[in-house]
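Chemist: Given next are the chains, with one letter for each unit.
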Amino acid sequence: MTQDTDHLGRPIVVVTGMGVLTSLGQGQADNWKALTSGVSGLRRISRFNTEGMRTTIAGTVDFVPVDEMSGPALSQRLAELVIAEAVAEAGIGRGGDFPGPLFLALPPVELEWTQRLALAAASGANETVSYDDLLRAAGKGGFEKYYRRFLFGSVAEALAERFGTKGSPIATSTACASGGTAIQLGVEAIRRGESDAALVVGTDASVNAESLIRFSLLSALSTRNDPPSSASRPFSKDREGFVMAEGAGALVLESLASARARGATVLAVVKGCGEVADGFHRTRSSPDGKPIIACMRNALADAGLAPEAVDYINAHGTGTPENDKMEWIGVSAVFGERAGSIPMSSNKSMIGHSLTAAGAVEAIFTVLTIRNAVLPPTINYETPDPALPVDCVPNVARAARVRHAISNSFGFGGQNVCLVIRAAE
Amino acid sequence: MAHERDALITGIGLVSCLGSGVEAHWDALNPAGGFTPVLDTESFTPFAVHPLAPLELDTQIPKRGDQRQMEAWQRMGVFAAGVALDSAGVKGNTDLLSRADLIVCAGGGERDYAVDAAILSGYPKAPNPEAFLNQRLLGDLRPTLFLAQLSNLLAGNISIVHGVTGSSRTFMGEEASGADAVRIACARIAAGQADITLVGGSYNAQRPDVILHYEMGGLQRRAPFTGIWARQDSGGGMLLGSVGAFLVIESRAHAATRGATSFAHIAAMCTDRCRREPGQATANAQAQLDTMTVHINRQGLGVISGASGVAGITAEEQAFLATLGRPVRATATALGHSLEPSFPASLALAAASVQRGRLFGPLEAAEQAMTAPLTQALVTSWGHWRGEALALVTAV
Numbered sequence: 004m005t006q007d008t009d010h011l012g013r014p015i016v017v018v019t020g021m022g023v024l025t026s027l028g029q030g031q032a033d034n035w036k037a038l039t040s041g042v043s044g045l046r047r048i049s050r051f052n053t054e055g056m057r058t059t060i061a062g063t064v065d066f067v068p069v070d071e072m073s074g075p076a077l078s079q080r081l082a083e084l085v086i087a088e089a090v091a092e093a094g095i096g097r098g099g100d101f102p103g104p105l106f107l108a109l110p111p112v113e114l115e116w117t118q119r120l121a122l123a124a125a126s127g128a129n130e131t132v133s134y135d136d137l138l139r140a141a142g143k144g145g146f147e148k149y150y151r152r153f154l155f156g157s158v159a160e161a162l163a164e165r166f167g168t169k170g171s172p173i174a175t176s177t178a179c180a181s182g183g184t185a186i187q188l189g190v191e192a193i194r195r196g197e198s199d200a201a202l203v204v205g206t207d208a209s210v211n212a213e214s215l216i217r218f219s220l221l222s223a224l225s226t227r228n229d230p231p232s233s234a235s236r237p238f239s240k241d242r243e244g245f246v247m248a249e250g251a252g253a254l255v256l257e258s259l260a261s262a263r264a265r266g267a268t269v270l271a272v273v274k275g276c277g278e279v280a281d282g283f284h285r286t287r288s289s290p291d292g293k294p295i296i297a298c299m300r301n302a303l304a305d306a307g308l309a310p311e312a313v314d315y316i317n318a319h320g321t322g323t324p325e326n327d328k329m330e331w332i333g334v335s336a337v338f339g340e341r342a343g344s345i346p347m348s349s350n351k352s353m354i355g356h357s358l359t360a361a362g363a364v365e366a367i368f369t370v371l372t373i374r375n376a377v378l379p380p381t382i383n384y385e386t387p388d389p390a391l392p393v394d395c396v397p398n399v400a401r402a403a404r405v406r407h408a409i410s411n412s413f414g415f416g417g418q419n420v421c422l423v424i425r426a427a428e
Numbered sequence: 005m006a007h008e009r010d011a012l013i014t015g016i017g018l019v020s021c022l023g024s025g026v027e028a029h030w031d032a033l034n035p036a037g038g039f040t041p042v043l044d045t046e047s048f049t050p051f052a053v054h055p056l057a058p059l060e061l062d063t064q065i066p067k068r069g070d071q072r073q074m075e076a077w078q079r080m081g082v083f084a085a086g087v088a089l090d091s092a093g094v095k096g097n098t099d100l101l102s103r104a105d106l107i108v109c110a111g112g113g114e115r116d117y118a119v120d121a122a123i124l125s126g127y128p129k130a131p132n133p134e135a136f137l138n139q140r141l142l143g144d145l146r147p148t149l150f151l152a153q154l155s156n157l158l159a160g161n162i163s164i165v166h167g168v169t170g171s172s173r174t175f176m177g178e179e180a181s182g183a184d185a186v187r188i189a190c191a192r193i194a195a196g197q198a199d200i201t202l203v204g205g206s207y208n209a210q211r212p213d214v215i216l217h218y219e220m221g222g223l224q225r226r227a228p229f230t231g232i233w234a235r236q237d238s239g240g241g242m243l244l245g246s247v248g249a250f251l252v253i254e255s256r257a258h259a260a261t262r263g264a265t266s267f268a269h270i271a272a273m274c275t276d277r278c279r280r281e282p283g284q285a286t287a288n289a290q291a292q293l294d295t296m297t298v299h300i301n302r303q304g305l306g307v308i309s310g311a312s313g314v315a316g317i318t319a320e321e322q323a324f325l326a327t328l329g330r331p332v333r334a335t336a337t338a339l340g341h342s343l344e345p346s347f348p349a350s351l352a353l354a355a356a357s358v359q360r361g362r363l364f365g366p367l368e369a370a371e372q373a374m375t376a377p378l379t380q381a382l383v384t385s386w387g388h389w390r391g392e393a394l395a396l397v398t399a400v
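Here the protein sequences line up with chains A and B, keeping their order.
When the letters of the first sequence are read in order and numbered with the numbering used here, they come out as residues 4 to 428.
When the letters of the second sequence are read in order and numbered with the numbering used here, they come out as residues 5 to 400.
Bear in mind the hints are in silico, worked out from the structure with no lab data behind them.
Hints should not be assumed to be uniformly reliable.
Capping the alpha-carbon separation at 30 Å, the derived lysine-lysine pairs in DSSO-like fashion look like this [as the list claims (entries may be wrong)]:
#, chain 1, residue 1, chain 2, residue 2
1, B, Lys95, B, Lys67
2, A, Lys293, B, Lys95
3, A, Lys143, B, Lys95
4, A, Lys169, A, Lys148
5, A, Lys240, A, Lys328
6, A, Lys328, B, Lys67
7, A, Lys240, A, Lys293
8, A, Lys240, A, Lys36
9, A, Lys148, B, Lys129
10, A, Lys293, B, Lys129
11, A, Lys328, A, Lys293
In this text the structure is predicted, and so the values were computed from the model without any measurement.
The following block holds chain A by itself, in its conformation from the complex (with noise of 0.2 Å):
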């Protein structure tokens, strides 16, 4: 790399930190060392009764303690202990002060059911309990915690006060798809010479009953339940479903002239980001799969690459039966006959769909992908789907060189996100 633009004359974005936490554990160290064993990180749910329910496993995150459990306070713990990972891998700023911006996926915020249930307690409303008497026992006091823990702003916020990062944070949410339009806001923004760093994250801790539900009355879920780390079975024809599961991923993204003038390690090169929208329906694709193909053709083009460069795909590869077959419809459009040949693994089958930090989590494990010459598994693939010809390292992890690879994300609401990640050099 003598050059510190692109073939655009944009500046190269590279990638100096990560830091990532899943079911399977927190760090990369652990984490990969579990993704290429071909372990699952997918459990029965403890977290709370799943009685009556069809799908009782998730990939919760377990093991990380934290005050007032809620899906905000836990996202946010996570995303705070892998931005500490990434920003000491990075060796930027000094502590707590990070020079560049936040671009933060998270989940959709909301009240949950044990603050609810603590206001209708609250009320002192004995026979039925209406929003009347919640606003009612709101309005005596002692909920505020309640209303900021709960502001859409409070999670970025706080990460932004405590990382030190520059200007308005910025939370985005595009559904399945959202930690890959992390990425590409920080890319660019970087590309537009606003920043030459910027903290990148993905986090999700929003397995609850509700939610849960709310993906199973969508009949998105794996029900396969005994055992648990069977149920994700990407490109499988018995597939049947996502496991709901949780995780964050956090990257330091730094131009190459500011990683080089500071002595930085560059892990991996972010060559790419295409985006495009989906009209056809709000949680399924175009069956002609036209903005997945175009998504993906947008990412190549605008890291200026042909498709006969890459060389593994980090699928999205949810294990849904719709998402895998128009996954495939798509990359076979984009690589034509070598689409087949081209090794293209879901690290979903082990760590399940961590939803919004998905893109994040799976960007990093496609930089590790290529700096450690190893593709990790997709696990559970004991029955090839005829319709889905795809080499999806089945079980085993394989040794492979890596120059570029590409990193999928599709969501609800027509999202679809690709990243071309390039090999330092």
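We have chain A; now place chain B onto it with these hints.
Modeler: Then chain B, alone, in the frame of chain A:
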């Protein structure tokens, strides 16, 4: 100096208690007598809200099936987005809209209040409360309600109904999300990362859960329901308002190529945050203003404030604005405070005023009339809790 990457506002879609569209708002803001707010003081006593004016949904969301798939906040937003696209003259231009970018500022959607009430009522009496919660949610939640609640599904519905599919990003975080949505849209246009972007959001204030949320914070105004500035002598507080506000923001070159007319030019746009220790928000605003000084022509300048009415921070903003010595309008007095879309809504009113060369009339006694021609407007958005934003809008 005109530049081809200038960010111009070429379309406005605004719906609120004052009606739908720029004209309806302009008329309502300039009544023959003094301005009188539209308030619903009955539905959420002891609070009041600025209720959404009735909309002819079919004009912007022609398929009833689409209307049914959405909750009120989404219908309001998709409607306003359609009005903005109409206003920009790009509605139905499939090719252009498939390249257009979308940045939405959003909170979350409505709950099923009857289901919530039934669960809250039955939970303490159930033999196994957690199992009861599961049973009721599994049995009573409409499967599609989830999609009406997800923050990014306002954007998703805009892609479906209007075909805006170049890209789609949703920002969350109350007032700051609306300001950052506009800032990112302008920055992308200036850098050549985008040519035309639909930006905005919607907020349904007529919801028990949002009234509850701000009551937990102790932040809502009780009677008398006076204007933003007048209420600062008696504790301040917010009056929420239902608002949908979208803008089409376009590069000057792109607008010129398609012969579009523009409302105004977003000449500068800044956002920041602080811990809100006394004076910090003022320092942010002053620093933002300092970056814009070269563009400012004081004589033709008016100020559109997004002040929420919340005590303390509203007084601090009022003191800062007083140093400018220019006429001020607090949009929340007219529309109610609408969190995420409040900044896009204020920007819309600023652009409409600049285009007309006239600031709309005072909304309360504390606001001074402006008889001189308006050529520029500063638009503030100091969030009720966090976030400070400032934009300068000038005539094209």
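Chemist: Could you tell me which of the hints above the structure violates, numbers in ascending order?
Modeler: When the structure is compared with the hints, numbers 3 and 10 turn out to be violated.
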